[in-house]
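Undergrad: Chains as they are written, first to last, in this note's numbering: chain A, 860 to 1362; chain B, 860 to 1362.
Hints were generated in silico from the structure; no laboratory data involved.
A few of these clues could be false.
To be verified - Now the in silico label distances, taken between C-beta atoms and shown as ranges:
#1 B/P1174 to A/A1119: 34 to 44 Å
#2 B/V1218 to A/V1122: 29 to 39 Å
#3 A/A1135 to B/R1028: 17 to 27 Å
#4 B/A1312 to A/E1235: 51 to 61 Å
#5 B/R1117 to A/T999: 35 to 45 Å
#6 A/E1205 to B/E1221: 35 to 45 Å
As the list claims (entries may be wrong) - Calculated cross-link-like contacts (lysine-lysine; reagent style DSS-like; alpha-carbon spacing at most 27 Å):
#7 B/K1169 to A/K1059
#8 B/K1169 to A/K1115
#9 A/K1059 to B/K1059
#10 B/K1059 to B/K1115
#11 A/K1115 to B/K1115
#12 A/K1059 to A/K1115
As the list claims (entries may be wrong) - A few chain A positions that, by computed beta-carbon distances, are all more than 12 Å from chain B:
#13 A904
#14 A907
#15 D926
#16 V928
#17 A1023
#18 E1103
#19 G1132
#20 E1221
#21 G1238
#22 Q1343
Note that the structure is predicted; figures quoted are calculated from it, not measured.
Glycine included, each C-beta is placed from N, C-alpha and C at the ideal position.
Number of protein chains: 2
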Amino acid sequence: MPERVTVDSPAADPAASPAEIAPEGRPFGTATEPAELDTSGPSAAGRAVLAELAATLDPDRMLTDPDVVRTYVHDEAEWAGYGTPLCVVRARSTDDVAATVRACAAHGVPVVPRGAGTGLSGGANAVAGGVVICLERMRTIREISPGERLAVVEPGVVNDDLRAACAERGLWYPPDPASAPWSTIGGNVATNAGGLCCVKYGVTRDYVLALEVVTATGEVVRVGRRTAKGVVGLDLAGLMVGSEGTLGVITEVTVKLRPARPVAPRTVVGFFGSLADCGAAVAAVTERGLQPAIFELVDRECLQAVNTWKQAGLPEDAAVLLLAQTDLPEPAAEAEADAILAAFTEHGATEAMSSTDPVESEALFGARRLAYPALEQLGMDMLTEDVCVPRGRMAEMLARVEEIAAARGVRIATVAHAGDGNLHPLMLTPRGDEAAKERTRAAFDEIIAAAVAMGGTVTGEHGVGLLKRDGMVRELGPEVVGLQRAVKAALDPQGIMNPGKAV
Amino acid sequence: MPERVTVDSPAADPAASPAEIAPEGRPFGTATEPAELDTSGPSAAGRAVLAELAATLDPDRMLTDPDVVRTYVHDEAEWAGYGTPLCVVRARSTDDVAATVRACAAHGVPVVPRGAGTGLSGGANAVAGGVVICLERMRTIREISPGERLAVVEPGVVNDDLRAACAERGLWYPPDPASAPWSTIGGNVATNAGGLCCVKYGVTRDYVLALEVVTATGEVVRVGRRTAKGVVGLDLAGLMVGSEGTLGVITEVTVKLRPARPVAPRTVVGFFGSLADCGAAVAAVTERGLQPAIFELVDRECLQAVNTWKQAGLPEDAAVLLLAQTDLPEPAAEAEADAILAAFTEHGATEAMSSTDPVESEALFGARRLAYPALEQLGMDMLTEDVCVPRGRMAEMLARVEEIAAARGVRIATVAHAGDGNLHPLMLTPRGDEAAKERTRAAFDEIIAAAVAMGGTVTGEHGVGLLKRDGMVRELGPEVVGLQRAVKAALDPQGIMNPGKAV
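Let's have the full structure, built from the sequences with the hints guiding it.
TA: Structure below.
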């Protein structure tokens, strides 16, 4: 769990640098002791906002009890700082959100929107003296239309709930982040979440048609469209996707749907003795024009953790395991699975197999699915990386991660969306070991630097939040960061929307 | 061809309303006589820019001869106004573009970027006293990477040339606007162009990974990424797509590619006696989860024009013809073609057939392909509409178009991307008949109003340009237009980028 660090509100300065948010200039907090939430009490502006909200909102919307508020102050990012908010508003309607933002805007008080809090970058962490607006109780699915192939949902609808409701109507909402059983569509949109099947079917951005948004001034606007196509004006809906709560609060989402996939997938797995062989196999799959619907990688550290936890009997002499799934209609699926298998065996797989049996497929994918919980069993702090490099350099990046881990003496287990070049090195640190924590931080910075040097990005799907602010500046450079801040300032002139995060 | 109307530069006021651009408050020019280009000569600022450009650019970059300049002052939008530019810069490099924008920015002179000039909304029309930057000579394909599934191209590369180069490497760039033999990738990106196959494969936006852009201050920046995924900061690359030259000049485009489709498509056609039957057939195809790669509509007026021109023998008693193509691997393609055929016949098709023969397919699609040139044979002015409505209301919109045509006494022929609800009513007016022109304008406005009333958009794929500025305000409302203008002002504080267009 994150430690508590007061994040001062930079509301007066939307161009505040990361160093101003975390005075040490580090991307995450550095308090060495868990501390109590700040009890110094709200400022005059804060008291005014609390009074206005108490007068405006239904009483069950506002949480001010410190013990309850404490459960809403951070997401799942390891070591990301957070502050003590004035209160948490558990909105039930767009009106609740608009009233809250208007009160905050009137007094220059920060607003932090939050879904289920499953983020991994600190994007939803509370800002000291601000108001957290929690959207998880706005969880109505308003419409699912097979004729228009779209759904209209409130932002607090859980990803898996939407997917299940779509499936009942023969439809499919593809974005499937690992957090799908808990994370909300609003949070997925705010972070432009990816997932397993985005290697073939795209990320959240590719499915957002329209949004209702409460702007930084508390106006309710609709951006985007219900139609299949549309090019009227600047794409403000697209701009909101991935903006991490820095431009407004999303209060309704219209998503594009696909027809449900009628076929049972075929699974192909391959174990590789070297990263180079694995990289060559991944490249061959891409270069041969194959399009697996899932294409994942699990490294030796993960395999060992799964074996330890579940006695899974996975071969621990393998450097990595590749897992692919094809979802074409038969017999094209068989041909594609055979071609993937050939790419694996031709490029040095020490063991490789293909299966159509759902039980066997599930067992094969178990190594991927169980990797994260198996590592959690170790009882260590786990900082999740999210770099993404050009597909052809994935194996090279993996090798760099191993080098960095060895050089810094940090235990790193990696899962990756192999087909996308998106790696999640999971950095394990013994709890309370400050020296190890420092080494982990150094390794974290080195991994970011290596990814940028390879033409990659510091965040493939988790978002900038607090953890990647330094990395963002490194990746984008001052001119582009300047453009980002100009756009942010145009839509949030007071700088009250999730200050200190991302932009 | 458009008539000449001086579009005064509203550079000093980026929030200028359409009425300020076209003083009559109409979306297109109203000059009743074709006029000569303005020869009153440049302003002091204009003379300064011309002097700076002459000193900076290679002489072959600048066109100032009025007879040559005249060929660069408008796109293919009927009746859209344009002004006399200072000069045309035919850029050969990013440096040329940056030098030109810097000179214009220094003196507050408007910049109008332009590709091949095939636009249909007046977005590339010259602004009086501004500089037109023509990108068509920046036509190098810099990279096509099968391993990364991307291409890097200069903005003047013609769409079909990129598609052909990709095909040679087993790759496919899907966006296929009807202008693909002539239009440029830069223009396609600036307008977020659609096309035939976007019903299944998405529009230009879905394929743009990264852009090099010369900003309104003449800075060269790179936005977006080369990686398959990435969520670092606000999506400025996405914001540039469809911005119609109002935020900067695109000087390089990195596009995502797909593997080439290995299969021969199957074609299904159906003639329908009534719009209601056709609408029910289209709805059935969508609701049954079918995904044709092309799904087009041609109306009776078009069928008649093709018959007249080519003696094609198409049944003229049909109200509409639906054309679909499936590109699944066999035998799934056969099953999908059968299912589409069933949807047609079950919903009242008077004649329907399916074919795998490429020659027969081409003949069947001839009615669609030949509709536009056949109508051009009539020798009338042709104003192209581009409304897009929710899929389920396409037939209702078609019926409204027919009603409006009858009520206003305007000849309207319609082609449509049926699967997307995107209609192109082609409004035919006898040349020089001012009364007919007025009726056509009234019908144009009524079609826009009807589309907005149905929850549609005023432009599905052609862009706002000059023709849809009133419609844009009607569709988006003042709050969203205000947000658009705030973003525009943030990135183009002087308002010099393509002033008076779109935003």
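Undergrad: So, for every hint listed, does it hold in this structure?
TA: Quick rundown of the hints versus the structure:
{"no.": "1", "hint": "B/P1174 to A/A1119: 34 to 44 Å", "verdict": "holds, 36 Å"}
{"no.": "2", "hint": "B/V1218 to A/V1122: 29 to 39 Å", "verdict": "holds, 32 Å"}
{"no.": "3", "hint": "A/A1135 to B/R1028: 17 to 27 Å", "verdict": "holds, 25 Å"}
{"no.": "4", "hint": "B/A1312 to A/E1235: 51 to 61 Å", "verdict": "holds, 54 Å"}
{"no.": "5", "hint": "B/R1117 to A/T999: 35 to 45 Å", "verdict": "holds, 36 Å"}
{"no.": "6", "hint": "A/E1205 to B/E1221: 35 to 45 Å", "verdict": "holds, 39 Å"}
{"no.": "7", "hint": "B/K1169 to A/K1059", "verdict": "violated, 43 Å"}
{"no.": "8", "hint": "B/K1169 to A/K1115", "verdict": "violated, 41 Å"}
{"no.": "9", "hint": "A/K1059 to B/K1059", "verdict": "holds, 14 Å"}
{"no.": "10", "hint": "B/K1059 to B/K1115", "verdict": "holds, 16 Å"}
{"no.": "11", "hint": "A/K1115 to B/K1115", "verdict": "holds, 20 Å"}
{"no.": "12", "hint": "A/K1059 to A/K1115", "verdict": "holds, 16 Å"}
{"no.": "13", "hint": "A904", "verdict": "holds, 25 Å"}
{"no.": "14", "hint": "A907", "verdict": "holds, 26 Å"}
{"no.": "15", "hint": "D926", "verdict": "holds, 34 Å"}
{"no.": "16", "hint": "V928", "verdict": "holds, 29 Å"}
{"no.": "17", "hint": "A1023", "verdict": "holds, 17 Å"}
{"no.": "18", "hint": "E1103", "verdict": "violated, 9 Å"}
{"no.": "19", "hint": "G1132", "verdict": "holds, 22 Å"}
{"no.": "20", "hint": "E1221", "verdict": "holds, 25 Å"}
{"no.": "21", "hint": "G1238", "verdict": "holds, 30 Å"}
{"no.": "22", "hint": "Q1343", "verdict": "violated, 5 Å"}
The earlier numbered hints that this structure contradicts are 7, 8, 18 and 22.
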